[in-house]
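Colleague: So the protein lines, in turn, are chains A and B. Sequence positions in the first sequence follow the working numbering and run 1 to 217. Sequence positions in the second sequence follow the working numbering and run 1 to 217.
No wet-lab data here; the hints were simulated from the structure. No residue lacks a Cβ here, since even glycine has one placed at the ideal position from N, Cα and C. Just to be clear, a hint being listed does not mean it is correct.
[What the hints assert, rightly or not] Derived contacts from chain B toward chain A, CB cut-off under 7 Å, selection only:
1) 124
2) 125
3) 134
4) 137
5) 140
6) 147
7) 152
8) 172
9) 189
10) 213
11) 214
[As the list claims (entries may be wrong)] According to the in silico footprint, chain B covers these stretches of chain A (three or more CB under 8 Å from chain B):
12) 106–113
13) 128–139
14) 159–173
15) 188–200
[Stated by the list, open to error] Here are a few chain A residues that sit away from chain B, every Cβ distance over 12 Å (derived from the structure):
16) 18
17) 31
18) 42
19) 49
20) 53
21) 63
22) 206
23) 214
There are 2 protein chains.
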Amino acid sequence: MKTEKPADFLEAGPRDRSADKRSSILNAAAEIFLNGGFLGTSMDEIAAKARVAKQTVYAHFSNKRDLFVAMVSALTNQASDRVHVGVPEFHEGDDLKRYLTDYAVRQLQVVLTPRIIRLRRLVISEVLRFPELGEALYSGGPGRSIMSLAAIFERLAERGVLAIRNPSLAASQFNWLVMSAPLNRAMLLGDDAIPSASELQKHAAESVQLFLAAYRQ
Amino acid sequence: MKTEKPADFLEAGPRDRSADKRSSILNAAAEIFLNGGFLGTSMDEIAAKARVAKQTVYAHFSNKRDLFVAMVSALTNQASDRVHVGVPEFHEGDDLKRYLTDYAVRQLQVVLTPRIIRLRRLVISEVLRFPELGEALYSGGPGRSIMSLAAIFERLAERGVLAIRNPSLAASQFNWLVMSAPLNRAMLLGDDAIPSASELQKHAAESVQLFLAAYRQ
Chain A
1 MKTEKPADFL EAGPRDRSAD KRSSILNAAA EIFLNGGFLG TSMDEIAAKA RVAKQTVYAH
61 FSNKRDLFVA MVSALTNQAS DRVHVGVPEF HEGDDLKRYL TDYAVRQLQV VLTPRIIRLR
121 RLVISEVLRF PELGEALYSG GPGRSIMSLA AIFERLAERG VLAIRNPSLA ASQFNWLVMS
181 APLNRAMLLG DDAIPSASEL QKHAAESVQL FLAAYRQ
Chain B
1 MKTEKPADFL EAGPRDRSAD KRSSILNAAA EIFLNGGFLG TSMDEIAAKA RVAKQTVYAH
61 FSNKRDLFVA MVSALTNQAS DRVHVGVPEF HEGDDLKRYL TDYAVRQLQV VLTPRIIRLR
121 RLVISEVLRF PELGEALYSG GPGRSIMSLA AIFERLAERG VLAIRNPSLA ASQFNWLVMS
181 APLNRAMLLG DDAIPSASEL QKHAAESVQL FLAAYRQ
């Protein structure tokens with residue numbers, strides 16, 4: 001791509017340039033809202049950070065509230081994509097414990113970052129004022145994880161690998177067994193409580209062990 | 001008690017009256033902080049709500065921050081006491097599934113109230129400013145639950161009722177299996193997402209079933 005189109009960015013059409021600007025504004029909004037909160041942030045600051053005119057911000061987002069909600073959705077979806085896009089299929093002969101542990105570790109690594117923890121704190125603190133934020137984070141985060149896991153468990157049950165009669169229930173159990181303990185500690189005790197990579201690996205393996213003790217065929 | 005000391009409240013000594021005032025101030029602080037947040041609340045409002053002089057508030061709590069932290073600890077401990085004080089012992093011949101389900105239902109009922117959910121949201125929104133709040137909520141809430149459950153599981157393992165080698169790990173798993181799914185929904189989706197009593201009962205029973213499939217002797 002790059003050798004064929006060396007001047008790709010400069011020659012970008014109006015739609016690409018518009019998408020680039022939207023993306024710059026969302027990145028700037030994330031940085032500023034996550035540090036200053038909703039009330040403490042102005043559209044001027046975001047425009048300055050994104051290096052665009054204030055009218056450009058308003059061309060993309062009609063008000064601060066819309067931009068705030070779009071920023072929460074964008075960060076949530078980016079994080080979820082990193083967990084759920086390109087999940088390998090489980091193949092005959094694969095190690096089931098390892099397969100599920102790898103999935104759990106990926107989930108943990110994506111969510112347990114200072115930025116996502118800060119996003120969750122900000123959303124939770126604004127839920128009463130902006131209910132749509134909580135919905136965006138729930139549906140794009142744990143809601144999407146649970147649906148994605150349910151589809152995986154349903155296939156594994158059909159193939160006789162797991163003894164699961166209610167894939168959605170098993171998916172919710174797996175999701176929260178894996179995510180809750182470290183997530184709650186990080187939410188309440190701060191970034192220092194985010195576990196190390198080896199602690200996450202151990203926690204994922206312990207969670208999968210409990211899950212498989214109940215659901216292995 | 002009441003027939004022996006009918007005028008108990010009126011005859012209360014100075015220490016009792018001081019404890020009564022402290023308790024009134026904490027109740028008023030809970031109501032006002034939970035509605036207005038930390039920055040949106042003044043000591044004047046709390047004094048007025050508690051019907052005490054402002055200097056009385058300051059006699060008990062040297063500043064707004066101290067009162068805020070004391071209020072969070074008091075609410076957390078009151079809720080935890082309702083889960084953990086007077087837990088019945090498991091007796092030979094009792095139904096283990098029922099015993100653990102009752103425990104889980106009690107935990108769920110105490111935490112999944114609009115007031116405690118609002119407290120959790122408030123604490124999470126102020127964790128960066130007041131790290132001691134997150135610590136108070138964590139240690140008095142899930143931390144205490146996990147320690148209490150670990151002690152129960154350790155005894156049940158010693159008696160050969162459960163096959164648990166790591167009681168703290170099993171306690172953390174039980175706690176989060178039970179609490180997480182409904183707690184996260186309520187935190188993000190609001191009070192309307194608090195499950196009904198029969199939904200909590202069903203969720204508790206499903207959580208215990210998974211736990212026992214893995215740990216039953």
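Colleague: Can you list which hints this structure breaks, lowest number first?
Modeller: 5, 6, 7, 12, 22 and 23
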